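*Asks:* Same order as they appear, the protein sequences are chains H and A.
Just so you know, the first sequence maps onto residues 1 to 395 in my numbering.
Just so you know, the second sequence maps onto residues 396 to 790 in my numbering.
These are computed hints drawn from the structure, not numbers from a lab.
Any given hint could turn out to be false.
Unchecked claim - Calculated pairs, DSS-like style, for lysine-lysine (alpha carbon to alpha carbon, straight line, at most 27 Å):
| hint | chain 1 | residue 1 | chain 2 | residue 2 |
| --- | --- | --- | --- | --- |
| 1 | H | Lys174 | A | Lys672 |
| 2 | A | Lys785 | H | Lys34 |
| 3 | H | Lys369 | A | Lys764 |
| 4 | A | Lys728 | H | Lys134 |
| 5 | H | Lys249 | A | Lys779 |
| 6 | H | Lys146 | H | Lys34 |
| 7 | H | Lys249 | H | Lys270 |
| 8 | A | Lys605 | H | Lys369 |
| 9 | A | Lys785 | H | Lys333 |
| 10 | A | Lys496 | A | Lys541 |
| 11 | A | Lys605 | H | Lys210 |
| 12 | A | Lys625 | H | Lys390 |
| 13 | H | Lys249 | A | Lys433 |
| 14 | A | Lys496 | H | Lys251 |
| 15 | H | Lys210 | A | Lys764 |
| 16 | A | Lys529 | H | Lys390 |
| 17 | A | Lys764 | H | Lys146 |
| 18 | H | Lys277 | A | Lys531 |
| 19 | A | Lys661 | A | Lys625 |
| 20 | A | Lys672 | H | Lys136 |
| 21 | H | Lys69 | A | Lys644 |
| 22 | A | Lys665 | A | Lys625 |
| 23 | H | Lys369 | A | Lys541 |
| 24 | H | Lys101 | A | Lys429 |
| 25 | H | Lys139 | H | Lys228 |
| 26 | A | Lys672 | H | Lys134 |
| 27 | H | Lys390 | A | Lys457 |
| 28 | H | Lys369 | A | Lys496 |
| 29 | A | Lys785 | H | Lys210 |
| 30 | A | Lys429 | H | Lys369 |
| 31 | H | Lys146 | A | Lys457 |
| 32 | A | Lys534 | H | Lys369 |
| 33 | H | Lys313 | A | Lys531 |
| 34 | A | Lys433 | A | Lys529 |
| 35 | H | Lys34 | A | Lys605 |
| 36 | A | Lys785 | H | Lys385 |
| 37 | A | Lys785 | H | Lys369 |
| 38 | H | Lys277 | H | Lys266 |
| 39 | H | Lys139 | A | Lys764 |
Remember, it's a predicted structure, so these values are computed and weren't measured experimentally.
There are 2 protein chains.
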Amino acid sequence: MISVEEALQIVIDSAQDFGVEEIPFIQSAGRILKEQIKADRDFPPFNRVAMDGIAIAYSSFKNGQRSFKIEGIQAAGSEQISLQNLENCIEVMTGAVLPNKCDAVIRYEDVFIENGIATISIDAVTDGQNIHQKGKDEKAGDVLIKQNTIISAAEIGVLATVGKSTVKVAKQPKVMIVSTGDELVAVDDVPLAHQIRRSNVFTLVSLLEKLHIPSETAHLTDDKPILKEKIKSFLATYDVLLFSGAVSKGKFDFLPEVLAELGVVKSFHKVAQRPGKPFWFGQTKNSSVFAFPGNPISTFVNCLAYFYPWYFKSIGVELQEENAILSEDVSFKPNLAYFLQVQLSYRYGHLIASPITGNGSGDLASLVKADAFIQLPANQNEFKKGEVFKIIRYR
Amino acid sequence: MISVEEALQIVIDSAQDFGVEEIPFIQSAGRILKEQIKADRDFPPFNRVAMDGIAIAYSSFKNGQRSFKIEGIQAAGSEQISLQNLENCIEVMTGAVLPNKCDAVIRYEDVFIENGIATISIDAVTDGQNIHQKGKDEKAGDVLIKQNTIISAAEIGVLATVGKSTVKVAKQPKVMIVSTGDELVAVDDVPLAHQIRRSNVFTLVSLLEKLHIPSETAHLTDDKPILKEKIKSFLATYDVLLFSGAVSKGKFDFLPEVLAELGVVKSFHKVAQRPGKPFWFGQTKNSSVFAFPGNPISTFVNCLAYFYPWYFKSIGVELQEENAILSEDVSFKPNLAYFLQVQLSYRYGHLIASPITGNGSGDLASLVKADAFIQLPANQNEFKKGEVFKIIRYR
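Bound-form chain H, shown alone (with noise of 0.2 Å):
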């Protein structure tokens, strides 16, 4: 049996490479970006007008002019025009190029019309304000956006922007997700007194689903030739496997000897953690196997705890470590790193995990009441009120 950490290393060692596609931009969100995106001209592309108002030669306010005949109007999305005679002025709009002879912009509200004469009613006023300088905020060839980030509505922004109309991102994994165990029958079914609907693979899936990774699923009796047959397709056709069951100690707990049979080679198989101890790990040349314990729980920890941080790994994305204080003390006998469910809160800037009663890896409901499980490490029996540990999110 080896450590949470040892088995988090051992996994994100095996990251695999999914390659590249290029996709509509405005589908990005969520993806990871696989190029960098540089500005394809400077931005602003020329000096834009920021405030509604007036535009003048700044030499003529310096001068002591104060009322300046308006000349014309330059709107935003029309062509440059220029000032023609430099004790007059034009009319500016928010977002409209700066006119040309024009080096301040006086607004509306310090400004008084009439009789087409525009009079500033202000004494400050500063050589090329309210004027937002052509390449002031990035250069053409600037890196706007780096690779392996993460596309969020700002990115897609930046994407219109620049007219990458299409995207190049890290192309998502082919993952079929596994359940065994006789007892499952499918959430339209009435169970009978011993069965117990499926609802695994469908936390799996709803999981997967917030990386934007799209899943098949199926399930398999707990019959080790059809196992076999089936389990050999999947290796052939998919990037991941995720199992839940069948790796446990029971008799029909088939799947590691299948999956040795198969040529999948394994990585662990038992990790020092509750719950989720039994989760196996292995891969061939071409697919990475998860398989998880059937408990609820389990599935549902290991694949946020394992299965997250291989796939980042795997597209190239390194996320920060969340952590947060113990809202009160916790006492864990078994040496065993302890994922307890917590829900979190903010005060005063501190992010705050208080502890959740469930009653072990079976307890699907007690997932409804917490956001996150908080990582208590092994080797360690109390953990007090004020401590700060790792944390991982589900919400």
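Starting from the known structure of chain H, fit chain A onto it as the hints suggest.
*Replies:* Quick look at chain A alone, frame taken from chain H:
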């Protein structure tokens, strides 16, 4: 001009109800639950074996017996069997029904099996051990998920477990996103010297996508009759109109005028904030109109600071306010609330907000460098390192 606090209160008080719809549970992640989810049976629904091993009558162990003849196997998914002879045992698998007449489970690790006889190798066995008692987690009829919960992977699992193959959720608003401004060209176009590409509508589409709200987009020229005709038809069709641009003091900023002529009742125009001051908000009987100023950061922050809370209020969700600790002194002279872009980091359970220096509301690329806005209140000019303020995340 009203304060940010007043504006937000008005917006929240103007929340709409979009009704309820029933959708497949597997498509419901991110949506808001509009029914109570109750346990359809006890959880666990039977005395559930929690470890692979053997089940015995505890009384026999208590009487000193350590070796038990194996009578049979109780697999997960099989009907409950009975222990025929109280001095025998039954092999049991995790997830199985506890056999009748048994009341303790000893895991395989603590048992030695030879010639059909299981011998227990430990002395500490307790009555009921390794049995997850029927109804221990939840009783039939207990509320498992409250109405108005945002559905996440955890809730998806519970919905599956109780057989809710379809689920009632809040309907999403029908949203039209409209850009104005004659300087704007399509993402695929090469802009002329005085033009720029449309980007705000796509940023808004993406910000709404984060809320699982689909939206449509349109671009209108700065022509009053056209604006009026189009907006009239939008008001008849959509629950929400989001505008970007044409709300300031420019000669072609027809929007407030057109909206008034179309019977949209103005709640306010202009909020004491930077960026995004000329924000206009109003309603008809059936539609809400958020008209954001056209600078990219103004549109972005107003959507987060006003549309998001309005939406959550409309669908019945109360969100916790997040706050963070300022990492350095900030000085801001105008008597306006200041939405300052910040990078977030975690240190010892503290959420730290580090300001990003941008070049004002036109500097779209600066959004890429930050994670959130920190909201610095008006009526204060100096903000000290270590002070705590509300933040609005966008990643």
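*Asks:* Would you mind marking each hint as holding or not holding in the structure?
*Replies:* How the hints compare with the structure:
Between Lys174(H) and Lys672(A) the alpha-carbon distance is near 47 Å, which puts this suggested pair outside the 27 Å criterion. For the suggested pair Lys785(A) and Lys34(H), the alpha carbons sit about 33 Å apart, so the restraint of at most 27 Å is broken. The hinted pair formed by Lys369(H) and Lys764(A) fails the criterion: a straight-line CA distance of about 34 Å is larger than 27 Å. Straight-line distance between C-alpha atoms of Lys728(A) and Lys134(H) comes to about 26 Å, which keeps the hinted pair within the 27 Å bound.
Proximity of Lys249(H) to Lys779(A) is assessed by CA-CA distance (about 58 Å); at most 27 Å being required, the pair is judged violated. With a C-alpha separation of about 9 Å, the suggested pairing of Lys146(H) with Lys34(H) holds against the 27 Å cut-off. Restraint check for Lys249(H) and Lys270(H): the C-alpha separation of about 11 Å stays at or below 27 Å, so the hint holds. Note on Lys605(A) and Lys369(H): the hinted pairing holds, with a Cα-Cα distance of about 23 Å set against a maximum of 27 Å.
For the given pair, Lys785(A) sits about 39 Å from Lys333(H) by alpha-carbon distance, which is inconsistent with the 27 Å threshold. At roughly 38 Å between alpha-carbon atoms, Lys496(A) and Lys541(A) are farther apart than 27 Å, so this suggested pair is violated. Between Lys605(A) and Lys210(H) the alpha-carbon distance is near 11 Å, which keeps this suggested pair within the 27 Å criterion. Of the supplied pair hints, the one linking Lys625(A) and Lys390(H) is violated, its CA atoms being roughly 52 Å apart against a limit of 27 Å.
Taken as a hint, the Lys249(H) and Lys433(A) pair is broken in the structure, with Cα atoms around 33 Å apart against an allowance of 27 Å. Proposed proximity of Lys496(A) and Lys251(H) is supported: the alpha carbons are some 21 Å apart, at most 27 Å. At roughly 23 Å between alpha-carbon atoms, Lys210(H) and Lys764(A) fall within 27 Å of each other, so this suggested pair holds. Of the pairs offered as hints, the one joining Lys529(A) and Lys390(H) is violated, with about 34 Å between alpha carbons and a cut-off of 27 Å exceeded.
Among the hinted pairs, Lys764(A) with Lys146(H) is consistent with the structure: their alpha-carbon atoms are about 10 Å apart, no more than 27 Å. Note on Lys277(H) and Lys531(A): the hinted pairing holds, with a Cα-Cα distance of about 22 Å set against a maximum of 27 Å. For the proposed pair Lys661(A) and Lys625(A), the alpha carbon gap of about 19 Å is at most 27 Å, so the pair holds. Among the hinted pairs, Lys672(A) with Lys136(H) is consistent with the structure: their alpha-carbon atoms are about 22 Å apart, no more than 27 Å.
This hinted pair checks out: Lys69(H) and Lys644(A) have alpha carbons roughly 20 Å apart, not beyond 27 Å. The straight-line distance between the Cα atoms of Lys665(A) and Lys625(A) is roughly 24 Å, inside the 27 Å bound, and the hint therefore holds. Between the alpha carbons of Lys369(H) and Lys541(A) the distance comes to roughly 10 Å, so the proposed pair stays at or under 27 Å and holds. For a cut-off of 27 Å, the pair hint linking Lys101(H) to Lys429(A) is broken: about 62 Å separates their Cα positions.
The hinted pair formed by Lys139(H) and Lys228(H) fails the criterion: a straight-line CA distance of about 59 Å is larger than 27 Å. Between Lys672(A) and Lys134(H), the direct Cα distance comes to roughly 24 Å. Compliance with the 27 Å bound is thereby established for this hinted pair. Distance hint between Lys390(H) and Lys457(A) is unfulfilled; the C-alpha atoms sit about 43 Å from each other, more than 27 Å. Simply put, Lys369(H) and Lys496(A) have alpha-carbon atoms about 35 Å apart, too far for the 27 Å limit, and the pair is violated.
In summary, the hint linking Lys785(A) to Lys210(H) is supported, as the alpha carbons are separated by about 26 Å, within the 27 Å threshold. The suggested pairing of Lys429(A) with Lys369(H) holds, with an alpha-carbon distance near 17 Å, which does not exceed 27 Å. With a CA separation close to 68 Å, the supplied pair Lys146(H) and Lys457(A) exceeds the 27 Å bound. The straight-line distance between the Cα atoms of Lys534(A) and Lys369(H) is roughly 16 Å, inside the 27 Å bound, and the hint therefore holds.
A threshold of 27 Å between alpha carbons decides the hint, and for Lys313(H) with Lys531(A) the separation of about 39 Å lies outside it, so the pair is violated. With a CA separation close to 16 Å, the supplied pair Lys433(A) and Lys529(A) stays within the 27 Å bound. Between Lys34(H) and Lys605(A), the direct Cα distance comes to roughly 21 Å. Compliance with the 27 Å bound is thereby established for this hinted pair. With a C-alpha separation of about 25 Å, the suggested pairing of Lys785(A) with Lys385(H) holds against the 27 Å cut-off.
Taking the CA atoms of Lys785(A) and Lys369(H), the gap is near 25 Å; set against the 27 Å cutoff, the hint holds. Straight-line distance between C-alpha atoms of Lys277(H) and Lys266(H) comes to about 16 Å, which keeps the hinted pair within the 27 Å bound. The suggested pairing of Lys139(H) with Lys764(A) holds, with an alpha-carbon distance near 16 Å, which does not exceed 27 Å.
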